[in-house]
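J.: Line by line, the protein sequences are chains R and S.
Residue numbering for the first sequence follows the numbering used here, starting at 1 and increasing by one per position.
Residue numbering for the second sequence follows the numbering used here, starting at 1 and increasing by one per position.
Since the hints were made in silico from the structure, they are not lab data.
The structure displayed is predicted, hence computed values, not measured ones.
For each residue, glycine too, the CB sits at the ideal point set by N, CA and C.
Careful, some of the hints might be misleading.
[What the hints assert, rightly or not] Distance windows between CB atoms, simulated:
#, chain 1, residue 1, chain 2, residue 2, range
1, R, Val-427, S, Lys-374, 48 to 56 Å
2, R, His-356, S, Asn-449, 31 to 39 Å
3, R, Ile-417, S, Lys-374, 54 to 62 Å
4, R, Glu-28, S, Asn-365, 29 to 37 Å
5, S, Lys-374, R, Thr-62, 46 to 54 Å
[Unchecked claim] Below, computed lysine-lysine pairings styled on BS3-like, alpha-carbon distance capped at 27 Å:
#, chain 1, residue 1, chain 2, residue 2
6, R, Lys-447, R, Lys-460
7, R, Lys-32, S, Lys-437
8, S, Lys-479, S, Lys-437
9, R, Lys-460, R, Lys-32
10, S, Lys-147, S, Lys-29
11, S, Lys-147, S, Lys-157
12, S, Lys-150, R, Lys-167
13, S, Lys-374, S, Lys-360
14, S, Lys-360, S, Lys-147
15, R, Lys-68, S, Lys-479
16, R, Lys-107, R, Lys-453
17, R, Lys-32, S, Lys-374
18, S, Lys-437, S, Lys-374
19, S, Lys-360, S, Lys-479
20, S, Lys-374, R, Lys-167
21, S, Lys-374, R, Lys-107
22, R, Lys-167, R, Lys-68
23, S, Lys-157, S, Lys-29
24, R, Lys-29, S, Lys-374
25, S, Lys-437, S, Lys-486
26, S, Lys-29, S, Lys-479
27, R, Lys-29, R, Lys-460
28, R, Lys-107, S, Lys-360
29, R, Lys-32, R, Lys-107
[Stated by the list, open to error] Here are a few chain S residues that face chain R, going by a calculated C-beta distance under 7 Å:
#, residue
30, Ala-187
31, Met-393
32, Pro-394
33, Ser-407
34, Gln-411
35, Val-422
36, Leu-468
37, Ile-472
38, Pro-474
39, Met-478
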Amino acid sequence: MDFNYLSTILFLPAAGAIIIAFISSRNEKAIKWTAFIFTAVPLVLAIYLFCAFDRSLSAAGTIQFEEKYLWIAPLSAHYHLGVDGLSMPLVLLTAFLGFLAVLISWKIHERPREYFAWLLLLETSIIGVFASLDLLLFFIMWEIEVIPMYFLISIWGSGRRDYSAIKYVLYTLFGSAFMLAGILSLYFTTGSLSMPDIANQGLGMVQAIMPAGAIFWLLFIGFAIKLPMFPFHTWLPDAHTDAPTAVSVMLAGVLIKMGGYGMIRLCVFMFPGPAQDYAQLLIILALIGILYGAAVTLMQTDIKRMIAYSSISHMGYVLLGIFALGQVSLTGAALQMFSHGVVTGLLFAMAGLVIHNIETRDLRQLGGLARQVPTMTVVFSVAGLASLGLPLTSGFAAEFLIFLGSFNSGVVPNIEIYTLIAVVGVVLTAGYILWLIQQAFYGPVNKNFDGVKDADGLEKFYMYVLVAVIMLVGIYPAVLTDVFKLGISPIAGLFGG
Amino acid sequence: MNLHLFVPEITMAAFAVLVILLDLFVRQKAVLRGVSIIGLLAVIGYSLGMWNGISDELPAFIFNSMLAVDNFSLFFKILLAAIAVLVILASADYASKFTRFQGEYYALILLSALGMMLMAAASDLISLYISLELASISLYVLVSFLKDRKSTEASLKYLLLGAIASAVLLYGMALVFGVTGQTQLDAVAASIQSMGLGGLVDNPALLIGIVLMIAGLGFKIAAVPFQMWVPDVYEGAPTPITAYLSVASKAAGFAFILRIFYSAFGMPDWLSQNWGMIFAVLAVFSMFIGNIVAIPQTNIKRMLGYSSIAQAGYLMVGLATLGFASAGAIAGQSTILFFLASYTVTNLGAFIVVIAISNKINSDNIEDYSGMGKRSPVLALALTLCLVSLIGMPPAAGFMAKFYIFSAAVQQDLIWLVVIAVINSVISAYYYLRVVKVMWFGEPATPENVPSTVAPRVALIISCLFVLLLGIIPGQLMKLAEIAGKIFGG
């Protein structure tokens with residue numbers, strides 16, 4: 001590879017952040033356009049990589065666009081980037097949402113210089129998590145993400161933002177504490193920090209320092225908190241609710257996907273044995289997450305909090321798909337991560353818009369907005385329907401694959417029953433989504449909201465782009481599943497799937 | 001006599017005397033600062049030359065095997081001299097507060113640095129003790145330099161507790177001498193070897209001696225339960241001296257421990273695992289108590305004091321690793337050295353900001369840092385970077401240091417200790433981030449910014465640069481630390 005595409009995608013946002021730091025904070029326009037350019041170019045590059053990605057079946061399990069340089073000799077750590085079928089769409093998703101986040105933030109006027117610098121740094125660290133193939137680099141990127149999030153939530157957030165921000169930080173650090181211990185044990189068990197090497201050569205490389213099951217759990221806790229899996233989910237509603245809109249979009253859209261990605265990439269791929277042993281337990285936790293998340297969502301009256309809780313339920317599907325351990329279910333889980341990223345991203349963007357234009361976030365006070373803000377109503381409804389998994393939307397494709405794949409996987413005992421229970425979650429989802437839309441947009445027209453603004457041109461632009469992606473993936477999921485499959489098939493192969 | 005091996009120490013002593021003499025004639029006290037720094041830079045330069053130039057002569061012993069000249073002691077000579085340079089630079093504004101004794105201030109810093117350098121080089125119980133006293137007595141005086149109530153109280157506490165610690169250490173040494181009949185460290189090791197495992201188990205005096213030495217040294221490195229002096233002394237001492245204490249005294253203490261425990265008590269495995277376990281337990285207590293008590297602190301110097309207790313805990317994870325490693329293996333030494341270096345730049349960076357801010361607002365209360373992000377973005381950014389590094393988050397040096405030291409511990413099967421240590425990092429995030437929060441999210445009391453002069457600014461830039469460098473490309477220093485650590489067990 002002559003040109004280091006991934007490094008460019010990875011570091012352009014960070015470079016943008018540094019440049020922004022030197023622009024006078026009074027020059028808001030320059031700051032925003034810099035942020036625009038330094039997220040647009042990575043997006044274009046990511047789309048180019050996605051198109052250039054080798055989709056032939058012979059490319060299954062191969063790393064593409066690889067870059068590898070020795071970084072810290074005494075630790076034999078490498079600066080090692082690369083994408084396979086699993087990470088490529090996630091890198092694309094991050095670049096995509098990162099770009100939209102800048103557009104969504106266009107109306108931020110409070111301390112814009114710091115805001116956009118942190119936002120761009122956040123994008124770099126998330127792309128870094130998906131693109132790193134060296135455990136140390138992966139962990140560093142995983143940790144760096146915490147700092148921008150802390151500032152973004154606690155300065156530009158709303159409500160109990162201080163509390164939410166520190167809670168987010170402590171939860172994440174607590175999880176990464178175990179993850180670090182897991183990565184270190186993995187390092188000394190295998191003598192390598194290279195993720196592909198460890199996955200390919202298995203754990204038998206050197207004598208085991210500790211049982212594989214223990215390392216599995218150390219790593220898993222970190223990812224479970226991020227996903228979030230029940231019972232580690234309590235940071236999520238607070239952080240999502242109090243974060244500024246664009247940050248909620250990033251948080252729900254890509255940040256929590258780091259958890260699912262890590263589970264597939266590290267836990268399942270490197271520890272097929274323990275993954276299979278504990279699959280039943282984890283699937284039960286997934287079911288609790290699905291049903292409990294959905295039930296709690298039904299109780300919410302705050303529009304953002306509602307979407308936040310629905311994420312817990314949706315991530316339960318991801319967890320189910322992952323630990324059903326079948327080729328189709330894993331592909332479905334990966335697709336669900338992408339789909340949830342776009343759909344919930346759109347929902348949060350819309351909720352932000354409602355809060356910004358109508359200045360209330362309490363569902364009980366909203367109502368009858370369909371007349372006053374028709375565009376928002378239509379888009380919000382589409383996003384809602386995608387969230388509940390209506391056919392022709394990405395949500396349907398993803399959930400269908402998860403249910404189908406889980407039911408047929410045959411790797412985990414009793415999986416058929418678990419799958420049937422999970423399907424109940426869809427009913428609950430339909431319940432809260434329809435209630436949300438009905439409560440906010442339909443019913444008698446409320447005179448108080450006469451004259452509120454509908455979406456303007458910029459907002460329409462990013463809304464329509466997101467809707468287009470949702471529909472595209474819903475109608476033709478192969479655009480993504482063909483890529484995911486290449487990354488998933490070597491993993492599913494471990495379980496004979 | 002290979003006197004050229006002793007040039008760094010001679011230079012230090014000569015410059016200390018020179019500074020005192022010049023103080024009599026020179027009106028412009030800044031000259032004294034310049035002279036001290038020139039002396040220290042000469043020491044750094046000469047030591048670097050020795051590292052590269054005469055590596056075939058090393059390791060060498062001088063003065064009847066009282067002192068060892070090897071890469072390990074050179075590493076600490078360079079580190080300690082660098083600390084002294086940064087502290088003197090950081091004192092520039094602060095020292096002008098002293099109406100008298102500016103010459104003595106710089107001379108005492110040089111002398112204590114000399115004592116600490118000798119601590120790192122000493123290879124005999126007697127020279128170890130003498131160098132420790134040289135370092136300590138200079139520090140007692142430095143702590144009292146403000147001559148106000150708090151400073152005097154701090155100094156008295158430090159003196160009394162320090163004297164007790166020294167006595168305990170000396171008693172431990174006496175017991176070790178009594179059992180082995182030797183003071184030279186290698187000879188002590190040989191004597192212990194000849195006793196055999198049975199002889200060791202039958203001889204509790206040796207173990208008691210070792211435990212007493214740990215107690216005495218625990219005082220130096222501020223390990224729980226010998227940490228009582230830390231918060232008061234840190235609060236009361238002149239802030240540059242607090243910075244100096246927190247890094248130099250700790251570095252020298254760990255150099256001392258590494259040298260004595262590895263050279264004299266490194267074998268047999270039974271013995272080293274015993275003291276390894278003691279350090280592991282002390283590490284656990286230091287981390288928990290340091291971090292938890294730091295949470296409610298309102299004075300930033302006290303908070304950093306407790307934080308330094310916790311940091312000593314992380315370092316002792318390295319010592320425990322050393323104890324559990326099988327005899328002769330290279331494990332953990334280099335990680336401790338790397339951690340010390342990165343902790344040094346980080347903590348000094350933090351203290352330099354504290355000094356600059358307290359010069360302006362005359363307060364060390366965390367509340368008064370409110371809105372510092374608006375008043376002085378550069379200082380606030382530097383302090384944020386240092387605090388992030390103290391938490392142990394990338395991309396700062398603290399992360400690499402912790403990763404390196406914990407990785408060695410995992411290698412010795414100490415995963416439980418690592419999990420406790422990492423969870424402690426999470427606890428620490430809470431109080432470090434509180435300062436960050438106050439600085440960036442609080443409203444400034446006045447819009448005035450905080451001025452600083454060139455010298456502290458240079459020191460701050462150097463520290464922060466190294467915090468980032470060691471965090472992003474740590475390979476080079478890790479390699480040097482490995483060479484320095486190799487003298488044990490090589």
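J.: The structure should be examined with respect to each hint, and the outcome stated for every one.
T.: Now for the hints, and whether the structure bears them out:
Between R/Val-427 and S/Lys-374 the beta carbons are some 52 Å apart, a value that agrees with the proposed interval 48 to 56 Å. Separated by about 34 Å at the C-beta atoms, R/His-356 and S/Asn-449 satisfy the suggested range of 31 to 39 Å. At roughly 59 Å, the beta-carbon separation of R/Ile-417 and S/Lys-374 lies within the given 54 to 62 Å, and the hint holds. Range check, R/Glu-28 to S/Asn-365: Cβ separation about 35 Å, and the 29 to 37 Å hint holds.
Checked against the hint of 46 to 54 Å, the pair S/Lys-374 and R/Thr-62 passes, with Cβ atoms roughly 51 Å apart. Distance check on the hinted pair: R/Lys-447 and R/Lys-460 sit about 24 Å apart at the alpha-carbon level, within 27 Å; holds. The suggested pairing of R/Lys-32 with S/Lys-437 holds, with an alpha-carbon distance near 25 Å, which does not exceed 27 Å. With a C-alpha separation of about 37 Å, the suggested pair S/Lys-479 and S/Lys-437 falls outside the 27 Å cut-off, and the hint is violated.
A threshold of 27 Å between alpha carbons decides the hint, and for R/Lys-460 with R/Lys-32 the separation of about 18 Å falls inside it, so the pair holds. At roughly 19 Å between alpha-carbon atoms, S/Lys-147 and S/Lys-29 fall within 27 Å of each other, so this suggested pair holds. Taken as a hint, the S/Lys-147 and S/Lys-157 pair is honoured in the structure, with Cα atoms around 14 Å apart against an allowance of 27 Å. Our distance criterion of 27 Å between C-alpha atoms is broken by S/Lys-150 and R/Lys-167, whose separation comes to about 37 Å.
For the suggested pair S/Lys-374 and S/Lys-360, the alpha carbons sit about 15 Å apart, so the restraint of at most 27 Å is met. Restraint check: the Cα-Cα separation between S/Lys-360 and S/Lys-147 comes to about 20 Å, which is no more than 27 Å; the hinted pair holds. Pair hint R/Lys-68 plus S/Lys-479 holds up; C-alpha atoms about 21 Å apart against a cutoff of 27 Å. Only pairs whose Cα atoms come within 27 Å are accepted, and R/Lys-107 paired with R/Lys-453 is accepted, the gap being roughly 14 Å.
A distance of roughly 21 Å separates the Cα atoms of R/Lys-32 and S/Lys-374; the hinted pair therefore holds under the 27 Å criterion. As the CA atoms of S/Lys-437 and S/Lys-374 are separated by approximately 12 Å, the hinted pair is consistent with the 27 Å bound. Between S/Lys-360 and S/Lys-479, the direct Cα distance comes to roughly 41 Å. Violation of the 27 Å bound is thereby established for this hinted pair. For the proposed pair S/Lys-374 and R/Lys-167, the alpha carbon gap of about 25 Å is at most 27 Å, so the pair holds.
Of the pairs offered as hints, the one joining S/Lys-374 and R/Lys-107 holds, with about 22 Å between alpha carbons and a cut-off of 27 Å not exceeded. Distance check on the hinted pair: R/Lys-167 and R/Lys-68 sit about 36 Å apart at the alpha-carbon level, beyond 27 Å; violated. Note on S/Lys-157 and S/Lys-29: the hinted pairing is violated, with a Cα-Cα distance of about 30 Å set against a maximum of 27 Å. The hinted pair formed by R/Lys-29 and S/Lys-374 meets the criterion: a straight-line CA distance of about 21 Å does not exceed 27 Å.
A distance of roughly 42 Å separates the Cα atoms of S/Lys-437 and S/Lys-486; the hinted pair therefore is violated under the 27 Å criterion. About 40 Å separates the Cα atoms of S/Lys-29 and S/Lys-479, which puts this hinted pair outside 27 Å; it is violated. Annotation: proposed proximity of R/Lys-29 to R/Lys-460 holds, straight-line Cα distance about 20 Å (limit 27 Å). Taking the CA atoms of R/Lys-107 and S/Lys-360, the gap is about 37 Å. The hint is violated against a cut of 27 Å.
Between R/Lys-32 and R/Lys-107 the CA atoms are separated by roughly 10 Å; this keeps the pair inside 27 Å, and the hint holds. Restraint check, S/Ala-187 versus chain R: the minimum CB separation of about 33 Å is more than 7 Å; hint violated. Residue-level restraint check for S/Met-393 holds (minimum Cβ-Cβ distance to chain R is 5 Å; threshold 7 Å). With a least beta-carbon distance of about 4 Å to chain R, the hint placing S/Pro-394 at the interface is held under the 7 Å criterion.
A least Cβ separation of about 5 Å between S/Ser-407 and chain R falls short of the 7 Å threshold, and the interface hint therefore holds. At its closest, the beta carbon of S/Gln-411 sits 5 Å from a beta carbon of chain R; the interface hint therefore holds under the 7 Å criterion. Nearest Cβ of chain R to the Cβ of S/Val-422: about 4 Å, under the 7 Å cut. The hint holds. At its closest, the beta carbon of S/Leu-468 sits 13 Å from a beta carbon of chain R; the interface hint therefore is violated under the 7 Å criterion.
Annotation: S/Ile-472 was flagged as interfacial toward chain R, and the flag is violated, the nearest CB pair being 9 Å apart, outside 7 Å. Interface hint status for S/Pro-474: upheld, as the beta-carbon distance to the closest one in chain R is roughly 6 Å, under 7 Å. The interface hint given for S/Met-478 is met, as the beta carbon of that residue sits about 4 Å from the closest beta carbon of chain R, less than 7 Å.
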